[in-house]
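J.: The chain contents come next:
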Amino acid sequence: MAISADVREFVRSCVPLTGFAEYDLYGTGMADLYLDTARAQVGEEHFAAFLRAWIAAVEEGEGAAALSPTHLEIARAVTYLWYTGAWPRMAPAAHAALRREKANVEFVAAPAAYVEGLVWRTFDGHPAGAKPPGYGTWSVRPPRPRTLAEPRREAGTDAPAEQAAEERAAEEAAVPAAKLPGPLLARGTAPSTVMTADDVPGDEI
Amino acid sequence: MTAPPTVPPAAAARRHYDAVVVGAGWAGSLIARRLGEKGWDVLVLEAGNGGTETWPGYLDSLDTFYSAVAKVPNSAYRPNRAVPSPDVLDMAPVRATEPGGKEFTADGYFVQEGPLPYGTDYLRALGGAGMHWLGAVPRMHPDDFRVRAGYGYGRDWPLTAADLQPYYARAEREMGVAGDAAEQRGLGVIGDPAYVYPMHTVPPSYIDRYCAERLDGHVVTEPVGGQAGELRVTALPQARNSTPDPAYDGGRGFRPAGAAGLPNYGERCVGNASCVPICPVQAKSSPLRVQAGFNGNVTLATRSVVTRVLRGRGGTVRGVEYRSYGDPATPVSEPYTAEADIVVLAAHAVENARLLLFSELAATSGQVGRNLMDHPTMLAWALSAEADGPVGPYRGPGHTSGVEVFRFGDARRARAPFRIELSNWGWSWATGAPMSNVAAALGVGGTADGEVRPDPTFGPELRRLLGSVIGRQLQLQIAIEQSADPANRVTIDPRRHRDPMGNPRPIIAYDLDRHVRDGMVAARHVARAIFARLGATDHTTYRPQNGVPPIGHLTHTYDGREVHLAYRGAGHGAGTHIMGTDAKTSVVDSYQRTHDHPNLYAAGCGSMPSIGTSNPTVTMAALALRSADHIDRHLADLHRPVAVRVPARQHPAARQEATS
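Same order as they appear, the protein sequences are chains A and B.
Under my numbering, residues 1 to 205 are what the first sequence spells out, in order.
Under my numbering, residues 1 to 660 are what the second sequence spells out, in order.
Bear in mind the hints are in silico, worked out from the structure with no lab data behind them.
Please read all numbers here as calculations on a predicted model, not as lab measurements.
Fair warning: there could be bad hints in the mix.
[To be verified] With a Cα cut of at most 20 Å, we get these calculated SDA-like pairs of lysine to any residue:
no., chain 1, residue 1, chain 2, residue 2
1, A, K179, B, Y265
2, A, K102, B, S67
3, A, K179, B, T537
4, A, K131, B, P56
5, A, K131, B, T537
6, A, K131, B, W55
7, A, K179, B, E461
8, A, K131, B, L59
9, A, K131, B, Y265
10, A, K131, B, T447
[Unchecked claim] In silico contact screen, one side only, chain B against chain A (beta carbon under 8 Å); selected entries:
no., residue
11, D63
12, M91
13, G152
14, D156
15, G217
16, A430
17, A433
18, G445
19, G459
Ideal Cβ positions, reconstructed from N, Cα and C, are used throughout, including at glycine.
Hey, can you work out the whole structure from these sequences and the hints?
T.: Have a look at this one:
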């Protein structure tokens, strides 16, 4: 089946969001489903407007900084979909601004979408319950983590040399708590509703 | 392997059986198969739905798991309105309305009275909780059977570890266990100097090796009991297909069982890393394997919900009343009865108690439903040092090794003992990772006030960040022994709380005593020391978030300070019809026969007076096999012909004549 122009544009614009090359995104087999899901979730017109804004922001080299808060949240939701196979709960403010008629809850787009989540590839893993690597493979030392330069090269967004050196130093620094999940409050807490660690008071035993 | 033969519920009702077994989980399936092998006519009534015993049905469960947002133990199995299962999703934390008040709500099958949540689920479906279990099968230690005599808390068994050794070995054969017997002997849990497990130990994970290299030989002193424990990373015995040991069984070796429902399919663990809730290749053992071995003497009926055990003459019971339903979505059902010489309840600790209470049986001791236990499990999580590189989480079985030293010794007098599992699945249990890592890194979902967050990470930066913070996840799961306390109990109130079919729902009262809480404090200190030794950054916290406590939250005063702690349920429900020698203080004897009714047995973890720090399934299976032998003798006695002439046929065929 031929790939439609809409899907081509969608996948191309998802490269700078996900950090994965078009080749990888097509390789999931999920591009059509994700475009349909995103359109259904935020509405055709809202999604078209978001895509125009995002393509312009990328072309002008501004990236996510140029997006309105609502468009920023759509960008996150689309990226979350590629990474996990699930549409997330959106920030309530964005949900309200989009006047969505859908319940603002996380759901898995399809069983196969879970299996194709990109998150597993970020740490050279495989989805839990699928693509098993074979008896005893869990004993093997995992490969060294990627530097920033490698996915940049793959995604075609190389940074200048002096900037890359600075970033290498920053990579060694501790991860900000705002970028880590805090504990699940309940077992049923959807992953996209888990508070970040900076919102959770530390332990002091 | 082929699927077990099942019959329609109506057909099952038309005969008199030697034994009726209620529940087709591990205990019921093992007992039924054994009795069938001995020639007895057995009916197994399973309340839940079947389906997973066929290959398409099993694949449907896998898709159900893939589609679940919260991949909890029951997430691979479809909800059944007619026969609800308790689910960990049923509980949600809330701000206490008053100091010391209840910090959770529950709206599922259990009616939870608190003060603390009973966070343990089970599955009412063919195979029971044996479908979603992890497959961890460490034996109990001899000291675990005599905690009252040895350490002054809880209750003692009428059996010793030595009594159970041959049955443990048989259970390990039936389940297909892989493990390192020499190492387990070193811990004191295996007595037989020549024993080897049927299969070689499941290979350790890289995380195990990473931890062993840094922890082995290091001494950690926990401040509560004062135990100075020398850490040693030890392999977990697992009911999971590995490499058969040719030395097993005096050199006869072992042939592992394959998948149910698909002939000639089955293999060693291939590392799907989803044992809980479902092993896609069925390398993890399940009761479906036992059922596939049922012979023609065993009749299995699903969607057959036992509502009551029926009284017979004198102190005996004469059978069960059950209801069958066609559609799990609607509780429309029809009643039947099945009569039998022996009734065996094997429906889970909570379900057995519920049935005994509703049938008003075994009431002499007043202990039915009491002494409800679990392994309250504390989670601790950290990131390994960046310089060490990734540790490779989310690979292999859920955990393949643990630290055992705090399970044993005199310190358990002062605080509950605990077993430390090294998780192979990162922060998934504690935080919902790796999906929640994606959400946190992106900043999706907004701030606590619902506004869109300003600080996005996209593209190559997102990829690199996730690779680092997921690849370095370490998690400890610390299972703490909970001892028998009559105040922790299951009750029923049929006037107020019934399920859609009309059966009474279990009402649970649950708390953790000071001994357990002191164990939790000690465990927290040990976890911190382990992370420090590993050079890992500890991210554990049990404190309320914006005033809302995490589920299982409690505060405890230690060393003059109030500390925040939290636990999760382990799925190890036990102790609702505990065994003993005295009919006034216990419900069943060491054969799991009720003291009050000579032909009524209650089998399962409910019979256990203490559970140590071992996942209880293998002990339950050992008890079930011991009971099966006893029931066989019991049936033989019941069917002994009174005629003076020599019977023409051997015992199993002669039994109908002697049945009253």
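J.: Can you give the numbers of the hints that this structure goes against, from lowest to highest?
T.: 1, 5, 10, 13, 14 and 15
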